[in-house]
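*Asks:* The chain contents come next:
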Amino acid sequence: MERYYQKEIETASREQILAWQNERLVKQVHHVWDNVPYYRAKMEEKGLVPEDIKGVEDLHKLPFLTKDDLREAYPYGLLAKPLKDCVRIQSTSGTTGRRVVAFYTQHDIDLWEDCCARAIMAAGGTSGDVCHVCYGYGLFTGGPGLNGGSHKVGCLTLPMSSGNTDRQLQFMVDLEATILCCTPSYAAYLAESIHERGLRDKIKLKAGIFGAEAWSEEMRQDIQNKLGIKAYDIYGLTETSGPGVAFECSEQTGMHINEDHFIAEIIDPDTGEVLPEGSKGELVFTAITKEAFPLLRYRTRDICILTREKCSCGRTHVKMSKPMGRSDDMLIVKGVNVFPSQIETVLLEQGYPANYQIIVDRVKNSDTIEVMVEMTAENFSDNLGRITEMEKSLVSALKAMLGIYAKVRLVAPKSITRSEGKAVRVIDKRKI
Amino acid sequence: MTIPQISVFLENKAGQLADITGILSDNQVNMRAINIAETADYGVLRLIVDDASKASSILLEQGFILTMTPVVGVAVPDTPGGLSKVLGVISREEIDVEYMYSVFGQKDGQACMIFRVADTDALTALLEKNGIGTIAGADLGIH
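As given, the protein sequences belong to chains A and B, one line each in that order.
Take any residue in the first sequence, count from 1 to its spot, add 378: that is its number in my numbering.
Take any residue in the second sequence, count from 1 to its spot, add 1: that is its number in my numbering.
In case anyone wonders, no lab produced these hints; they're calculated from the structure.
The beta carbon of each residue, even a glycine, is placed where N, CA and C say it ideally should be.
Do not take every clue at face value.
[Unchecked claim] Computed far set for chain A versus chain B, every beta-carbon distance over 12 angstroms:
1) T504
2) I710
3) E756
[To be verified] Each pair of labels, with its calculated beta carbon distance range:
4) A:T754 with B:S103: 52 to 60 angstroms
5) B:I96 with A:V741: 39 to 47 angstroms
6) A:G763 with B:S85: 45 to 53 angstroms
7) B:A119 with A:A755: 42 to 50 angstroms
8) A:K777 with B:I37: 48 to 56 angstroms
Next up, chain A with everything else stripped away, as it sits in the complex (with noise of 0.2 angstroms):
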């Protein structure tokens, strides 16, 4: 039996659904055009007043906001509220360059861990299920989104937060988790080690909700015979809140997106141009109910494809598939961001050529990123000591950066393959 958080919205009609969005862009455009001076001005630019956007159809002439607007506003620049009015922040992994800082009210709150909570029920939690959620805590959206999920469903919530795998199973076997929240890729690190250990009998998990970084159908299938359970995707972002913006129900064939609070839209990323429904291309949200931090037609760079068929579940909220690339270059390894561009300032700080690669792969279900460096003669020593310094220097650099770690390999000077004079910078050999 299907399950529902917000029955009477998930399963609203097409028209209720596009009555909703229209009012609440219109009164969202408003809010920002009033209180956020950055988007103003770009609204102005293109000549354009709030009552020029008199509902959904009139989105396409918004600007656009991207990952640099985010930079050049930082910290304050796109906050909609007096600072007084919010009570939390969240924020992306990643540096100072290229740090998001997202602000909430009580109210901004309230309605993410609605969109969480539907995501668990959609999974087939109830007030009955222990909520095991092992995602970071902190300022990683994560944890605390599943967590005010999982309360607002009223399940026995364990803030488990991430590491240490020990403590993981063992009050995952004496409290009897039932649901599983964490990134897949860790689902699949548990999954071994509940194996490794003959613990299979004693787990009574049912389900998992599993996000923050791509992963395949055969992972899914992968985790699910290992674990007996029903694994579901999650989408979200920290700009548009964090996770919940878009959850699988039990058909498992792609995430229905909150459509109550944000806006979906595909476009070109070359052009810009809105694609047509079924079309690939790169994902772009409008919050229309958020108060604190409201993006409109924020570029997610995802690539992905929406579609309004009917579902099985009942649920009339359109449905994106896995994101299937992205149109920067933006890599995301174990859960974070990564930049080619933020391992390009390291390598050039710390003295070495701006030539390097990054390898990429996927070593029993865990990330694995490697920078290939090639040696200068200025590095170079004949003291092998001094040279292993070095490259203990760069890591703990790289690591300061991207926030996990990277191995290094030092290589011989021109062996990093140049196609037509272009260096290939990314090798990422996940299937995914």
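Once you have looked at the hints, place chain B on chain A.
*Replies:* Relative to the frame of chain A, chain B by itself:
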């Protein structure tokens, strides 16, 4: 008195060492001593050759990364305790040996060890004071 040493960056992949020895062989460069220090991913190849300037320019031309370092050739008595005595003298003076290795063959009952230290003059003077000989490049066929 010092001997010129060539150190070459070695990427840990098949055939790197053979490439270098091949290049030296093609150019009639004779190796007098060879030593490799390595990690799992890369290494440093240290060479004493008969013609260091020729060898280094050829290797640089071929795109290798290298550095030249003056090292000291120490005459070590080729008897039990020979090296121990030399190291004893050096360690009492707190001269830090970064690394050392041996040269192929021996001459007049003396083996030759290559010592890499920060201050080659200090080491040479110390050895002389203690009656330990150093070996000139010419003795190793280096020109």
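*Asks:* State for each hint whether it applies.
*Replies:* Each hint tested on the structure:
Every beta carbon of chain B lies more than 12 angstroms from that of A:T504, the smallest distance being close to 51 angstroms; the non-interface claim holds. Here A:I710 stays apart from chain B, with its beta-carbon at least about 26 angstroms from theirs, past the 12 angstroms limit. Some Cβ of chain B comes within 12 angstroms of the Cβ of A:E756; the nearest lies about 10 angstroms off, and the non-interface call is violated. Range check, A:T754 to B:S103: about 31 angstroms between beta-carbon atoms, so the 52 to 60 angstroms window is missed.
Take B:I96 and A:V741: their Cβ atoms lie about 46 angstroms apart, and the range 39 to 47 angstroms holds. The hinted window of 45 to 53 angstroms between A:G763 and B:S85 is violated, with their beta carbons roughly 24 angstroms apart. With their beta carbons about 20 angstroms apart, B:A119 and A:A755 fall outside the hinted range of 42 to 50 angstroms. Taken as a hint, the range 48 to 56 angstroms is violated for the pair A:K777 and B:I37, whose Cβ atoms sit roughly 30 angstroms apart.
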